[in-house]
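Participant: First to last, the protein sequences are chains A and B.
Just so you know, we're using numbering that gives the first Met the number 0 here: the first sequence kicks off at 0 and counts up by one.
Just so you know, we're using numbering that gives the first Met the number 0 here: the second sequence kicks off at 0 and counts up by one.
By construction, these hints were calculated from the structure, which means they are not laboratory data.
Misleading hints may appear alongside valid ones.
[Stated by the list, open to error] Simulated DEER-style distance windows between Cβ atoms:
# : chain 1 : residue 1 : chain 2 : residue 2 : range
1 : A       : Ser163    : B       : Val36     : 43 to 49 Å
2 : B       : Asn3      : A       : Glu179    : 38 to 44 Å
3 : A       : Lys132    : B       : Thr123    : 26 to 32 Å
4 : B       : Leu72     : A       : Asp22     : 51 to 57 Å
5 : B       : Ala97     : A       : Gly21     : 35 to 41 Å
All C-beta atoms, glycine included, are put in the ideal place defined by N, C-alpha and C.
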Amino acid sequence: MTDAFADDERRWSDLMAAAHRGDSRLYEQLLRELAEAIERYIRSRFGALSFTEDCVQECLLAIHAGRHTYDPRRAFRPWFFTIVRNKTVDLLRRSYAGEAVAPAVLSEALVDTAEGPDEQFSAGDVLAQLQPKFRNALTLTKICGYTLAEAAERSGISESAMKSRVSRAVRAAELLLAEERNLE
Amino acid sequence: MTENREDLIRDLVADLRPVRRAGRIGTALLVWLALAVGYSVFVVLATGPLREGALGNLVREPAFGVETLLALLAIVALAYAALRTAIPDAARRARQLALPVAITALWIAVYVIGLWYPAHPVSTLGARPHCIWQAVLFSIPSLALMLWLARRLLPLRPRLTGLFAGAAAAAIPGALMQFGCMYEPAHILAYHIGPVVIVAAIGFALGPIALTARRTVPRSRGIPMH
Chain A
0 MTDAFADDER
10 RWSDLMAAAH
20 RGDSRLYEQL
30 LRELAEAIER
40 YIRSRFGALS
50 FTEDCVQECL
60 LAIHAGRHTY
70 DPRRAFRPWF
80 FTIVRNKTVD
90 LLRRSYAGEA
100 VAPAVLSEAL
110 VDTAEGPDEQ
120 FSAGDVLAQL
130 QPKFRNALTL
140 TKICGYTLAE
150 AAERSGISES
160 AMKSRVSRAV
170 RAAELLLAEE
180 RNLE
Chain B
0 MTENREDLIR
10 DLVADLRPVR
20 RAGRIGTALL
30 VWLALAVGYS
40 VFVVLATGPL
50 REGALGNLVR
60 EPAFGVETLL
70 ALLAIVALAY
80 AALRTAIPDA
90 ARRARQLALP
100 VAITALWIAV
110 YVIGLWYPAH
120 PVSTLGARPH
130 CIWQAVLFSI
140 PSLALMLWLA
150 RRLLPLRPRL
160 TGLFAGAAAA
170 AIPGALMQFG
180 CMYEPAHILA
190 YHIGPVVIVA
200 AIGFALGPIA
210 LTARRTVPRS
220 RGIPMH
């Protein structure tokens, strides 16, 4: 664990212990720091997900609702990042399942080129490790915000094939995120 | 930081109340065991007699006592796993699952071995009609209680939590049928342990419904999760 990690670990653990006692000021500091950490986590792994802000807020809600499940005698980061990972994958899945997500952040003009979308945006670590077809599927549907039908048309495959590809891509991303546990 | 996020943080801070730490799940486990075992003993006794001499055989047949002890350990381990999976902590996940699965496998294994070397005289004495469906039905309140307890934590893998909850709930009447039904290993595997698989599947299916309904997407204002 680096010094920065160790500092975060100690500070967050102390702040959450204070939140358990009902200290609003320290709890607010904790939520602000965690919100930034969540945003960094998502951006570093997936680049500009169209629903990053939703994900941050959903994580904050889960942390608030489940703050009593954190045991200050244990490490904070594994507890925290388990929530973040889970909520991120949850939102990736849900948006694919047809639930509304935030509007796409990228304009049509940006992605309407001959290059694949993954060549135009700096992909995060996780996206970069995915097979090109999976990266392309996630980028189109989760970053560019295209519907399955639109993404399928752009990739030259059927909608059901795109649906299956996105589902497998989310699963592959989930496995890659799970492999990171030891780094926490 | 977006305005929505600012609002959300303000709302969450305003909602802050001191909480009792639930990182240790011993109390919830004991509450569940006491209520679920007490209830199950009551309904098993209320719906039929114990097999004649079954309790005495616990002492007379050590292997039968070992089977019963393994059943108790499996119940505790499965219930512990159900609650433990409802607390986010990736570092311990593998260990969370390995021990209860191993104990349950051992419990089942003794009956498989019992097909050749039974731990107790085999007979149809005490046979209870519809024991499999009784075991399934008897376990539903215990499953509901466990899901309620798990819901008070933070079950991020609701299917897994539901699966363990179902297995733990059905293991209690399944184990009690050791005394309330006939002793025959093939019958036990199919009709007493079978419900563990059935109710675990029910828990697996119910988990996402029972354990995730309370939280909604955060785009709306306010605190929507309670």
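Participant: So which hints don't hold here, by number, going up?
Facilitator: Hints 2, 3 and 4 contradicted; others consistent.
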